[in-house]
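Required output: the full structure, derived from the provided sequences and hints.
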Amino acid sequence: MKAAHSCFRPSAIVTVAMFLVCHAGTSTAAMAGAGGKDNMEFIRAACGTTSYPRLCFETLSTHARTIQRDPVILAIAALSVSLESARGASAAMTKIAAQGLMKPRESAAVKDCVETMGDSVEELRRSIKEMAHLRRPDRDLAFHISNIQTWVSAALTDEKTCMESFADNSLNGRIKDAMRIHVVNVAQRTSNALALISALISSPP
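So the mapping is simple: our numbering equals the position in the sequence shown, first residue as 1, plus 80.
Derived from the structure by calculation, the hints contain no laboratory data. Glycine is no exception: its CB is placed at the ideal position from the N, C-alpha and C atoms. Fair warning: there could be bad hints in the mix.
[Said to hold, decoys possible] Cut-off 30 angstroms, straight-line C-alpha distance, at most; resulting in silico cross-link-like pairs (DSS-like, lysine-lysine): (1) K183 with K240; (2) K209 with K240; (3) K240 with K175; (4) K209 with K175; (5) K117 with K183; (6) K191 with K175; (7) K209 with K183; (8) K191 with K256; (9) K191 with K209; (10) K175 with K256; (11) K240 with K191.
[As the list claims (entries may be wrong)] The calculated label-pair distances, taken between Cβ atoms and stated as ranges, are: (12) K175 with E138: 22 to 28 angstroms; (13) R219 with G253: 46 to 52 angstroms; (14) T142 with G253: 14 to 20 angstroms; (15) V264 with K209: 38 to 44 angstroms; (16) S226 with G116: 30 to 36 angstroms; (17) G168 with T237: 16 to 22 angstroms; (18) Y132 with P217: 31 to 37 angstroms; (19) R124 with Q179: 39 to 45 angstroms; (20) F223 with E244: 29 to 35 angstroms; (21) S187 with A222: 42 to 48 angstroms; (22) K191 with P133: 32 to 38 angstroms; (23) A178 with A279: 20 to 26 angstroms.
Quick look at the structure:
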């Protein structure tokens with residue numbers, strides 16, 4: 081699947097969060113507060129439930145002012161970070177493949193990985209879009225969270241499938257290492273996002 085274009089990047093988290101808050105009828109003044117100690121501790125505590133808490137905090141704490149102590153916006157931020165990481169990984173792998181220095185078997189593995197990463201990008205994009213429903217007063221929370229979990233889980237599966245493309249020991253070690261670094265970074269961020277989304281079930285927004 082061809083990777084979908086999207087404006088959801090870490091630098092665009094403010095726009096995404098404001099969109100959700102405004103469409104929920106919530107005052108935007110609440111978003112203007114400084115990212116103080118309480119906000120940082122909220123993010124740290126939430127990240128403590130993930131598989132990669134340090135990475136989670138490092139990637140999300142810079143957005144504390146936007147996230148405040150809102151678990152929905154926290155999850156959106158995590159998804160946005162994961163999405164941009166996936167898009168970056170796909171672009172990097174495509175660039176490596178374009179150099180024409182790989183053997184046919186290596187080229188095929190990279191092509192498969194880029195394709196599955198494209199699927200992951202689309203699934204993460206759909207997940208972010210679905211998050212908007214969590215702000216609606218007539219929402220079916222369980223239904224929407226289930227949809228989001230399904231798509232993010234599928235994205236994580238695609239990322240793991242991408243890594244498996246380079247399990248063959250006959251492939252160039254440098255190429256395998258370069259690819260794995262990109263894909264592992266994406267998979268860890270996606271895993272963290274999934275954990276934060278799942279937490280919304282036990283503590284509904």
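Quiz prompt | Holds or violated: K191 to K209, with C-alpha atoms at most 30 angstroms apart | solution = Answer holds: K191 to K209 is near 27 angstroms, not above 30 angstroms.
Quiz item: Between K183 and K240, is the straight-line Cα distance small enough, at 30 angstroms or below?
Solution: Measuring from Cα to Cα gives roughly 23 angstroms; hence the hint holds.
Quiz prompt | Range agreement (Cβ of G253 with Cβ of T142, hint 14 to 20 angstroms) | solution = Given a distance of about 34 angstroms, which is not inside 14 to 20 angstroms, the answer is violated.
Exercise. State, for the Cβ atoms of K175 and E138, whether the hinted interval 22 to 28 angstroms holds or is violated.
Key: 25 angstroms, holds
Exercise. Decide if the proposed pair is consistent with the structure: K240 and K175, CA atoms, cutoff 30 angstroms inclusive.
Key: 21 angstroms, holds
Exercise. Please work out if K117 and K183 have their alpha carbons no farther apart than 30 angstroms.
Key: 52 angstroms, violated
Quiz item: Are S226 and G116 spaced within 30 to 36 angstroms by their CB atoms?
Solution: The hinted range 30 to 36 angstroms holds for S226 and G116, with Cβ atoms some 34 angstroms apart.
Quiz item: Taken at face value, is the distance from the CA of K256 to the CA of K175 at most 30 angstroms?
Solution: Cα-Cα ~14 angstroms, so holds.
Quiz item: Is the distance from the Cβ of K191 to the Cβ of P133 consistent with 32 to 38 angstroms?
Solution: Taking Cβ atoms as reference, K191 and P133 lie about 34 angstroms apart, which means the hint holds.
Quiz item: Does K183 lie within 30 angstroms of K209 when you go C-alpha to C-alpha?
Solution: 39 angstroms, violated
Practice problem: Take a look at whether the Cβ-Cβ distance between G168 and T237 falls inside 16 to 22 angstroms. | Solution: At 20 angstroms between Cβs, range holds.
Practice problem: Take a quick look at whether K191 and K175 sit within 30 angstroms of each other, Cα to Cα. | Solution: Holds: K191 and K175 sit about 11 angstroms apart, inside 30 angstroms.
Comparing the model with each numbered hint stated earlier shows that hints 5, 7, 14, 15, 23 do not hold.
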